[in-house]
Structure formats: structure tokens, C-alpha cells
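Student: Each chain is listed here by its residues.
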Amino acid sequence: MRLTPALSITLAVMAICFISVPLLAATVGGWYAYWGAMILSAVWAVVLLWLKTSRYWEEED
Amino acid sequence: MAGEIPIPTPTAESTIAVTVAIAGMLAISAGIGLYYFKKAKNFDEWMVGHRDMGPVITGFALTATFLSGWAIFGNAGLCYTYGWSGSWLIGTMNLMGLSLCVVLGYRMRRYAALGARTVPEAAKLRFDSRLVQGLAGITMAILLLVYCIGQFKAMASVWKLTTGTDWLTSLVITAILCATYIAIGGYAGTNVSVAIQGAILTLVGIAFGIASIFWAGGPSQISSAIANATFVKTGGSVTSIPIDGYTAPIGVTFAGYDYLGVVAAMFMFVFMASGFPHNLARFIGVKKVSKKDYKLLMGIVIVGCLTPLMIGAMGLAARSVWGAQLMSSGPIFGDAAAALVSMAVGGSVGGAIFAMAVFSAAISTLAGMVMIMATNMTRDIIGNARPQISSRLLLSLSRLLVIPFVIIPLWWTYTAPPPVLSEFMSGSAVAQGGIFFFVIAVSMYWKRATKWGAVATILYGMGMALMHPAVYGARLPPFNSWSVWALTLMFGCAAIYFIVSLLTKPAPDEKLKGLFDKP
Numbered sequence: 001m002r003l004t005p006a007l008s009i010t011l012a013v014m015a016i017c018f019i020s021v022p023l024l025a026a027t028v029g030g031w032y033a034y035w036g037a038m039i040l041s042a043v044w045a046v047v048l049l050w051l052k053t054s055r056y057w058e059e060e061d
Numbered sequence: 062m063a064g065e066i067p068i069p070t071p072t073a074e075s076t077i078a079v080t081v082a083i084a085g086m087l088a089i090s091a092g093i094g095l096y097y098f099k100k101a102k103n104f105d106e107w108m109v110g111h112r113d114m115g116p117v118i119t120g121f122a123l124t125a126t127f128l129s130g131w132a133i134f135g136n137a138g139l140c141y142t143y144g145w146s147g148s149w150l151i152g153t154m155n156l157m158g159l160s161l162c163v164v165l166g167y168r169m170r171r172y173a174a175l176g177a178r179t180v181p182e183a184a185k186l187r188f189d190s191r192l193v194q195g196l197a198g199i200t201m202a203i204l205l206l207v208y209c210i211g212q213f214k215a216m217a218s219v220w221k222l223t224t225g226t227d228w229l230t231s232l233v234i235t236a237i238l239c240a241t242y243i244a245i246g247g248y249a250g251t252n253v254s255v256a257i258q259g260a261i262l263t264l265v266g267i268a269f270g271i272a273s274i275f276w277a278g279g280p281s282q283i284s285s286a287i288a289n290a291t292f293v294k295t296g297g298s299v300t301s302i303p304i305d306g307y308t309a310p311i312g313v314t315f316a317g318y319d320y321l322g323v324v325a326a327m328f329m330f331v332f333m334a335s336g337f338p339h340n341l342a343r344f345i346g347v348k349k350v351s352k353k354d355y356k357l358l359m360g361i362v363i364v365g366c367l368t369p370l371m372i373g374a375m376g377l378a379a380r381s382v383w384g385a386q387l388m389s390s391g392p393i394f395g396d397a398a399a400a401l402v403s404m405a406v407g408g409s410v411g412g413a414i415f416a417m418a419v420f421s422a423a424i425s426t427l428a429g430m431v432m433i434m435a436t437n438m439t440r441d442i443i444g445n446a447r448p449q450i451s452s453r454l455l456l457s458l459s460r461l462l463v464i465p466f467v468i469i470p471l472w473w474t475y476t477a478p479p480p481v482l483s484e485f486m487s488g489s490a491v492a493q494g495g496i497f498f499f500v501i502a503v504s505m506y507w508k509r510a511t512k513w514g515a516v517a518t519i520l521y522g523m524g525m526a527l528m529h530p531a532v533y534g535a536r537l538p539p540f541n542s543w544s545v546w547a548l549t550l551m552f553g554c555a556a557i558y559f560i561v562s563l564l565t566k567p568a569p570d571e572k573l574k575g576l577f578d579k580p
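Just so you know, the sequences run in chain order A and B. Residues 1 to 61 (the working numbering) make up the first sequence, in order. Residues 62 to 580 (the working numbering) make up the second sequence, in order.
There are no misleading hints in this set.
Some chain B residues well away from chain A (every beta-carbon gap over 12 Å; in silico):
#, residue
1, THR72
2, ILE302
3, SER390
4, VAL410
5, SER452
In silico lysine to aspartate or glutamate, DMTMM-like type, Cα no more than 25 Å apart, as pairs:
#, chain 1, residue 1, chain 2, residue 2
6, B, LYS574, A, GLU58
7, B, LYS100, B, ASP113
8, B, LYS294, B, GLU65
9, B, LYS572, A, GLU58
10, B, LYS356, A, GLU58
Hints listed in this document are in silico derivations from the structure and should not be mistaken for laboratory results. This one's a predicted model, so the numbers in the text were calculated from it and none came from an experiment. Note that the Cβ used here is the ideal one computed from N, Cα and C, for glycine as well.
So that you can see chain A by itself, here it is in the shape it has in the complex:
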């Protein structure tokens, strides 16, 4: 698997989502951090889905 620009951007977005979860908790807290973690996770999942279906879809799978 080569590090293409699409893969780099995707990984960067996923890393930002991951790091933002504790940052949100430490800075905002409360319900916003609680549901914010879910929203950031949903972004992560959608980005991952996009990467799989558009760039790394394997017909034999």
C-alpha cells in the first residue's frame, strides 16, 4: 500500500478526529464533549468507508 495523497489526507483527517476527542473533553467538557466524540467518530467512519469503497475496493472480497 503506497502513501498516495488521498491516503495521506484521509489519515490526517482520521488523526485529527482522534486527537480532537480528548481536546474537546479537556477544553469544552460536559455534554458537548460527550456527543462530540460520537460525531468525530462518525466522521472517522465515513472517511474510512470512503477510502475503502473508492480507493481500496477489491472485487474478489
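Dock chain B against the given chain A, drawing on the hints supplied.
Tutor: Below, chain B without anything else, positioned relative to chain A:
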């Protein structure tokens, strides 16, 4: 607000409602199981069906096996006990891990096409090694046994709280229900019925989560109650430690103690979904899907991952309304929060529906795990050591082994029930995630991985598991800290897996045919 709304107690009406709801759900699930059991012509079919499971069945089944008693029951206990800082073990970002599992786990189909019927069999194919298969089988059985305890505590607790039955009788009833259900169902049966259970727990969890927030007076009311609350130990001893932040200085064995623990808990959730053999096993029976089907599968998983947060909200609501009263009442303590809130919100019927959801989550995970442990022993250890043994005998042995794998965790739950369910289960989750995320999930994509890399990772992971703060780690600082222990286990596994693999020779290309190359 504490004390204004009484804590519900079981009545004859709630007992009848709970019994009918749980019996109904199990009867339907067992009926489906019996149908597939009769259809199965041999051991392979009994375990994986006809490899024709679609995205909806697989999506809900995956959600159900991932969201166990920990999520649907224990999460409320976490938030009730620790406030916002309990949310790290709730897994507010658990979707990151499960979506990764959807992407990585799908390749399990290739191994199923080459004859793998269990996750250790996939490891045998991948590394061309019976040693890896046997070692993976034993490791999974040990770690899953610990995980089973959580399922029993969840089911027995909800039964006790909603019917008033004593603790031992509740456990025995739960065990009889599980053993009968699993013995009838088998894998193919449970894969369909697990999906139904997944749909039930998702809908019920989300509905009760929303209802509980309104029942407690709304989000602001809950926030202000948590802001004024302090940590209360199991047994009722009040401390001055506030629980209004996302970390709480309760003790180094607590994941939410500091941000190092937070990072460890987050990585645990990223690794564990793909490391759980009962999750990966869901992909053995899946059919080839289109991109549209695949998106549907991911969509179901995204909705399903809302459930743990909703159950956590029930715990916050309970703490807001009842204060810390539940912390004085053992052996369930704060874990009772969700079941009691469901009764307070929806009366006997509400309690019954929620109890049904807890049984759905716990029994689906338990059934998946017991099946995996039984087949680990038969196919991966006995069959591995004596390949000439008949398929029929292996099938009979698998069914027989269901009994000890139900009784051992049952006895543990009776003699030493964990005070905070999810905290206890996270110990096993760290080890499963740390070891099998690399040995199984990463190895399906990284051709350079070797059997010695896998063996070293398993041995290191199991050795480090014994350093858990509640086992030997308590006497060996810094492993008395949960965060240090968890990070050392997970990233130690990663380092050993990659370093040993790069230093040793991989399986020859002809042995890996069909696993990596496109046809």
C-alpha cells in the same frame, strides 16, 4: 433532586412482564437457532452456515457481539459511579474501532473460502503454522472466559433488580437459559438471532437513553447535578473528589485518572473491535457484498454505536435523580442504574423491555464467545493435535464443552462479582485488542508478518496481561497504574509483532496464495 423520585422495587407485575419479555425473545431466537441446527448437515455448516449472510444480518450481528453487557448495562454504572470521567470506558468513540473492524474484518472471507471456520484456523492458514493456531485458540479461550463474567453479571443483575429473585437463583436461571440457548442454536442460528438481538438492543438503548435525559429534567439539570457530585466508593463511603471533569483523581487503577489513561482507553477501543475474535468471526459467514451493501453495513454499525452513549446517559440521569444511593447496595452497586431508570421511566413494561435488551446484548456476546471457546478447544487444539479425529466427534465435543464454559464464569461471578462491570471487562479487552489486532487483523494485510512475530506477540501479551493492576501489577509499580499497564501491553505487542516479524522469515509465497494476491 435526590430523593424526590423513589428508586423502583420489583413487583409481581414486573416479574411477570420481565419473564414474558425475556422468554419471548429467547424463544424466538432459539426457534431460529433450531431451524438452522436442523438444516446443518455437518460441523462446517453448523458453524458458518452457507456463507450467505447479507449486510443487514452481519451489521446487526456485529453490533450485538461488540456491544455486550458492558455497553448495554455496565456503561450506566460507569457514568453513575465516575460522572463524565467514566465516559472513556464507555467508549464514546467506540465507533472508530468498530468501523475499522468493518474494513479490516471483511477480508476474513478469503480465509473462509480457503476452509477456515474459526479465527485461529485463519491464523493457521495465514502463518502456515499449527503452533500459531493452537496458541491463538488457548489465548482466546482464557481471555474470553474473563469476558464472559461480565455477561453473567449483566444478565443476573437485571433479573434480580426487576424480579426480586436472590443473587444465586438469578445466576442459576441465567446460566440455564444460556446453556440451553447455545446448545440449540449453534453458530448459524445465533448469527441470525444475534442480528435480531442487535436490532432490539440498538432500538431499546437509544429510546431509553433519550427518555432518561428528559425524565431527569433535561441535559442542563443533569450537568448541574454532576457538577455538584463527588465520588462515592462502593459500599457508600463518600469522598471529596469531584466527578464533573473528564478526568478524576480517584486512583491510578482508574482509566479516567489522567489523560494518559484517556489515551490508553481510546487506543483500547480502536484495537479491541478488530481484536475480538467473536467480532472477526462474524465475517466468516458473510456473503460477497456490493459497495452499496457495504455502505449499508457501515450505516448499521454507526447507528448501533450510539447505544453505548445512550446507556451512559442513563447512568448520568440516575446519578442526577437519586444521588449516590445505589453505591451502598451490593453486589450490583452503580451498575443497577440503567435497569432501575428503565423501571422508573416505563414502569413494569419499561423494565421488561430493557431487561430483554440486556439479555439480547449479553446472551448474543456470551453465545458467540462460548461457541468460540468450545470450537477453539475442539478444532484448534484437539483437531490440530489429532487431525484424523472425525468431524462428528468434534461436533459432539463442541456441544459438550458448552457446559464447562458456561459454568466456570458463572462460578466466578457468584463468588467474586466485579463491583464495576465495565472496568473489570476492560482488562480482558486491552489484552484481546493488543494481541489480536496485530496477530489477526493486521496480518491479513501485512504480508511480511511471520509466525514467530505472531507467537512472540501472543506470549508477550499474555505475560503482560498478568501484570494487570488487579493481578500482579499491584505489587510491581508502575504497572499498578492502569494507563501504564494498558499502553505497555498494546504498544509492546505492536513493537514485538513488527520487530520479530522483520527479523524472521515469512511463510513462502506459494503458501500464501489466495490470501493477498488478486485472482
